[in-house]
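There are 2 protein chains.
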Amino acid sequence: MTNSDAETSRDAIMEATYRVLAEEGYADLTTKAIAEEVGKSTALIHYYYDTKETLLVEFLEYLLDTFREGVERQSGDAPAERLETFLERFVSGPEDPEAFHTAMLDLRTQAPHDAAFREQLRTNDREITDYVADVLAAGIEAGEFREVDPDRVASFLFSALDGARTRWVVTGDDEVLSSAREELRRYLEERVYRDDLESPR
Amino acid sequence: MTNSDAETSRDAIMEATYRVLAEEGYADLTTKAIAEEVGKSTALIHYYYDTKETLLVEFLEYLLDTFREGVERQSGDAPAERLETFLERFVSGPEDPEAFHTAMLDLRTQAPHDAAFREQLRTNDREITDYVADVLAAGIEAGEFREVDPDRVASFLFSALDGARTRWVVTGDDEVLSSAREELRRYLEERVYRDDLESPR
Numbered sequence: 001m002t003n004s005d006a007e008t009s010r011d012a013i014m015e016a017t018y019r020v021l022a023e024e025g026y027a028d029l030t031t032k033a034i035a036e037e038v039g040k041s042t043a044l045i046h047y048y049y050d051t052k053e054t055l056l057v058e059f060l061e062y063l064l065d066t067f068r069e070g071v072e073r074q075s076g077d078a079p080a081e082r083l084e085t086f087l088e089r090f091v092s093g094p095e096d097p098e099a100f101h102t103a104m105l106d107l108r109t110q111a112p113h114d115a116a117f118r119e120q121l122r123t124n125d126r127e128i129t130d131y132v133a134d135v136l137a138a139g140i141e142a143g144e145f146r147e148v149d150p151d152r153v154a155s156f157l158f159s160a161l162d163g164a165r166t167r168w169v170v171t172g173d174d175e176v177l178s179s180a181r182e183e184l185r186r187y188l189e190e191r192v193y194r195d196d197l198e199s200p201r
Numbered sequence: 001m002t003n004s005d006a007e008t009s010r011d012a013i014m015e016a017t018y019r020v021l022a023e024e025g026y027a028d029l030t031t032k033a034i035a036e037e038v039g040k041s042t043a044l045i046h047y048y049y050d051t052k053e054t055l056l057v058e059f060l061e062y063l064l065d066t067f068r069e070g071v072e073r074q075s076g077d078a079p080a081e082r083l084e085t086f087l088e089r090f091v092s093g094p095e096d097p098e099a100f101h102t103a104m105l106d107l108r109t110q111a112p113h114d115a116a117f118r119e120q121l122r123t124n125d126r127e128i129t130d131y132v133a134d135v136l137a138a139g140i141e142a143g144e145f146r147e148v149d150p151d152r153v154a155s156f157l158f159s160a161l162d163g164a165r166t167r168w169v170v171t172g173d174d175e176v177l178s179s180a181r182e183e184l185r186r187y188l189e190e191r192v193y194r195d196d197l198e199s200p201r
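Protein chains in written order, with the numbering used here: chain A, 1 to 201; chain B, 1 to 201.
Please keep in mind that the hints were generated in silico from the structure rather than gathered at the bench. Hints may contain errors.
[To be verified] Covered by chain A, per the in silico footprint, the following chain B stretches (three or more residues, Cβ under 8 angstroms):
| no. | segment |
| --- | --- |
| 1 | 46–55 |
| 2 | 161–172 |
| 3 | 181–188 |
Virtual Cβ for every residue (Gly too), placed ideally from N, Cα, C.
So here's chain A without its partners, still in its complex pose (with noise of 0.2 angstroms):
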C-alpha cells in the first residue's frame, strides 16, 4: 500500500465515522458500522486503528482539520466577516446538526473519564479560541474593533455558543439557538466592532 492509498483510507474512514455518528450516533459506533460505511472489512479499520479511541481521538484532529481548512479559505476576508463567518458555522454546521452535536456532546461527555480524549479535546478547544483570538487582534490592529481583551473575549464567545449548542441539544429547543445567534450580535455591536463601523450583515 503507498503512503497516498493510505491516506485515502484514512480520509475515507474519518468521513465514515463522521456519518455513523450523525446517522446512528455515538453508541452504535461500531468498527463494523464504520466498515459498512465505507465499503472496506473491519481487519482495515483495526489494522489503522486498533482501539475505539485511537480512531475518535484521530477523528477529532479530522474536525480540527476540516476547521482549519475552512478558515483557511477566508483569510482574506475582512475580521468582522471572519468572526461572523465562526459564529454562523458554530451554531448551523452540518446538513443534520441535531444529530451530530448529540453524538459530540456524548463524545466530549468521555473527556473527564478519559485522558485521551480531553488531551484532544483541549487541543481542539484552545486551537479554535485561539483562532478567534487572533481574528480580534487583527481587527484591533486594523481599528475595525475595540481594544478589548482577545483571548478573554474569544473565550467568551466560544463559551457562549457552546453553551447555546449543548442547552439545544440537552432541551431539543431550538429557539436557544437563535437567542444566542441575536444577543451575540448585538455584543458584538456594543462591546467589540467600533461605533463609527457598519455591522458586515
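Add chain B to chain A, keeping to what the hints say.
Just chain B, lined up with the frame of chain A:
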C-alpha cells in the same frame, strides 16, 4: 409511615444521591451506593423509586427546588445584586464542583436519548431562564437596566454560563470559568446596566 417520615426519607435519598454523584460519579450511581450513603436498605430506595430514571428525574426536581429556595431568600435584593449572585452561584457551585458538574454533564447527555430526562431538564432550563428574565424585567421596570429583551438576554446569559461550565469540565481548564465570569461582568456593564449606575461589585 407518616407523610412526614416519607418526606424525610425522600429528602435523605436525594441528599445521598447528590453526594454519590459528586464523590463517585454518574456511572457508579447505584441503588446500593445510595442505600449505603443514606444508611437504609436498597429495598427502601426501590420502594420510592422503581427505576434509576425515576430517581434521577426526581433528583432534577430536587435541584430545581434548591435553586428556588436560593432565589427566594434573595427576593428583597436589588435586581443587579440578584443577577450577580446568580452568575456567581452558577460558576462556583457546591464544595466539589468539578466532580459534581462532571456527573451532571453525564446526566444531561442522556437527555436526547431519554424522554423523561429531557422533559425534566427542559423544565429546569426554562424555570431558570424565566427567573433571570424576571430579574431583568424588574431591573428595566425600576429604571436600573437598559431596555433589553429580557427573554433573549436571559437565554444568552444562561448559554454563556452553561458553555463555560461544560468547556471547563471537558478540558479541565479553570481559565475558561474566570474568562466567562470577567467577560459576563463587562457584558452586563455595557449592555444591561445603565451607564449612570455603578456595578454592584
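Hint-by-hint comparison with the structure:
For the segment 46–55 of chain B, the proposed coverage by chain A is not satisfied: 0 residues have a C-beta within less than 8 angstroms of a C-beta in that chain, short of the threshold of three. Counting residues of the segment 161–172 of chain B whose C-beta sits closer than 8 angstroms to any C-beta of chain A gives 11, which meets the bar of three, so the coverage hint holds. Counting residues of the segment 181–188 of chain B whose CB falls under 8 angstroms from any CB of chain A gives 5; the rule of at least 3 is met.
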